[in-house]
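Whole structure, please, built from the sequences with the hints as guidance.
Next come the chains, spelled out residue by residue.
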Amino acid sequence: MAVVSVIEAVREAIREEMRRDSNVFVLGEDVGQRGGVFLATQGLLEEFGGERVIDTPLAEAAIMGIALGAAYRGMRPIPEVQFSDFVWPAVNQLIGEAARVCYGTHGSLNVPMVVRIPYGGGIRGGLFHSQNVEAMFFHTPGLKVIAPATPFDAKGLLKSAIRDNNPVISLEHKKTYRLVRGEVPEDEYTLPIGKADIKRPGESITTVSYGLMLHYCLEAAEQVSQEGIDVEVVDLRTLKPLDKETVVESVKKTGRLLIVHEDNITGGVGAEVAAVAAAEAFEFLDAPIARLCGPDVPTMPFAETLESAYMPSTETVAVALRNLAAY
Amino acid sequence: MARPRSTPTKKPPTKRPAGAKPVQDSAAGLPGGLTTDDLVDYYKKMVMVRLVDERIWALNRQGKVPIAASCQGHEAAQLGSLLAAEKDGNCFLFPYYRDLAVKMSAGLTAEQVMLSFMGKEGEPYSNARQFPLQGADLPNKVIQISNVVAAGLTQSVGYALACTMLGDHTVVLVYFGDGASSQGETHEAMNFAGVHRLPVIFICENNGYAISVPQRRQMNLDDLASRAAGYGFPGFVVDGMDLVQCYEATHHAISHARQQGPVLLEMKVDRFMPHTTDDDDRRYRPKGEVEEARKRDPVVTMAEDLVHRGIITRKQVEEIAALALREVDAATDAADAASPPGASSLHEMVYVP
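Order-wise, the sequence lines are chains L and V. Quick note on numbering: this note's numbering labels position 152 of the first sequence as 152, and the sequence is numbered without any gaps. Quick note on numbering: this note's numbering labels position 84 of the second sequence as 84, and the sequence is numbered without any gaps.
No wet-lab data here; the hints were simulated from the structure. Ideal Cβ positions, reconstructed from N, Cα and C, are used throughout, including at glycine. Watch out, some of these pointers could steer you wrong.
[As the list claims (entries may be wrong)] Result set (SDA-like, lysine to any residue): computed pairs, CA atoms no more than 20 angstroms apart in a straight line:
id : chain 1 : residue 1 : chain 2 : residue 2
1  : V       : K141      : L       : R163
2  : V       : K141      : L       : G107
3  : V       : K141      : L       : Y103
[What the hints assert, rightly or not] Residues of chain L placed beyond 12 angstroms of chain V at every Cβ, according to the derived structure:
id : residue
4  : E16
5  : E97
6  : T305
Listed below in structure tokens is the structure:
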């Protein structure tokens, strides 16, 4: 198996699907000649031409509306939002329109579209190049949301998303793009949307996370394992639909739950995970459900000190695990 | 895109001064492709739409229709453009919420319309999930997902992009009001369509009001059509109270769009009724303005025109109205007797497999 980065896995997924299905096309800012600012679409213009790799004007609402309209005609567009922070002008097209197309036509129309969104902090991006935007989409019926953390998951889930007949938001943590490398099979594969993955089995505490934070959870679990704390690390991989079953089964086994995400704590994905665990595994819990999340400030700030103060880290996850184990 | 980047010739639609009288000499004076049968056919449609529209308003006052936006005053613009689309045979429509005549002319029966306005099971656009006639009517080539104004414009451009990619030569007609023209997405849609010379006709039904806000408070312009120059494609002002002119303008625009890219048609119309059944336009429209506008009521002027040309008689005018009224009565009764969707269907179609 080849070892590749997350960004290479994303690129390969798009390339393979464009080869497989001529209705798949990409559009967005700088996705063509430039190959995308993160190079997710590098080489696609050369292989597929300007009709299927479309450099757009800087107009996110148009990118999304146009993708939506093309999907009505049976195409499978993959619009790219250059940075998550720029998705807000397109939110009416995504939450207002795309999410409601199937329901609002009682199924006569559907939207086979994947919106790729590089997101997240820890890269000195400041308030407008670091945002976590998942809560909005997570809250919206009609959308699916994937948030893979590894090259294997990124490729398999993105390929499934492209084949899905519903609008899928693909959240790609941009710090993982080059930082995280892993094995990816040479052969064709896809992964099911809506299935979490136990990245590390354990008996004493369940952690639930996704994206960059998954890696901090794995590192912290390794650290505390030497202290006799046996952590099970659940990678949600898909945020919507949420794999409640995997979370609940894990909590029933360990009796303790720590949820980690870098998005703001209030109303985040973790709040829903906590509610599910409380409702469906209440009698198995040996400690209050704990959340380690971004604080309720608008985004991780630019200054190094402030960004570090915002972000959960391997160290703060390890502290949270020790505290939960000691309860 | 595969579309050749030739310079658009600014030839197509005629630009007649607003208020020009319909042609009154003979059928021979009709623009190319138009027959007297077409005129009679579309006059019948116009009468039907007017009666349906009036009935819906009455049903609202009876508590049977929760909400309606009237198209009264817009019929000539909507039907004239539809006539051109129908004759072309390969157009796709993205109407907006005031386009009852577009949607009916595209193929809906009066009964389907009544089912929709009363929120009954089997309503064709959304099976009563949405405001009336909102959603999609794919058999008749119509999509209108929402009434968030201008959201459909970028979508229509995307639809045209896909048609171009698939090489099917469809021309997309997208309708919007003067109110929607202030939205950023209107600019984004026209800009993208211009860049790629997509086969889209932007039809602005300018009735001079965004609910209560008059044109002068919306834009520092007399003619919206002039904005087309900023996107590198032609724009034309059309008398939207004259079906034949609207037909002719759209007919030329369709062939231009297919060969050379977008066209903006500003059809100047009047809104005879308040914004919706929930609105009271006496709070903002000057006294006498609507009465003055109604002197050019297209239902009346078209009947006069057909009679003057000798195409139909006054007796036939009466018969057409009587026949339409019987159909509207039957449609109303049928829809009134129909059932709303069962509550157990609430969760259907959030996703498709």
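* Violated hints, by number in ascending order, as checked against the structure -> 1, 5
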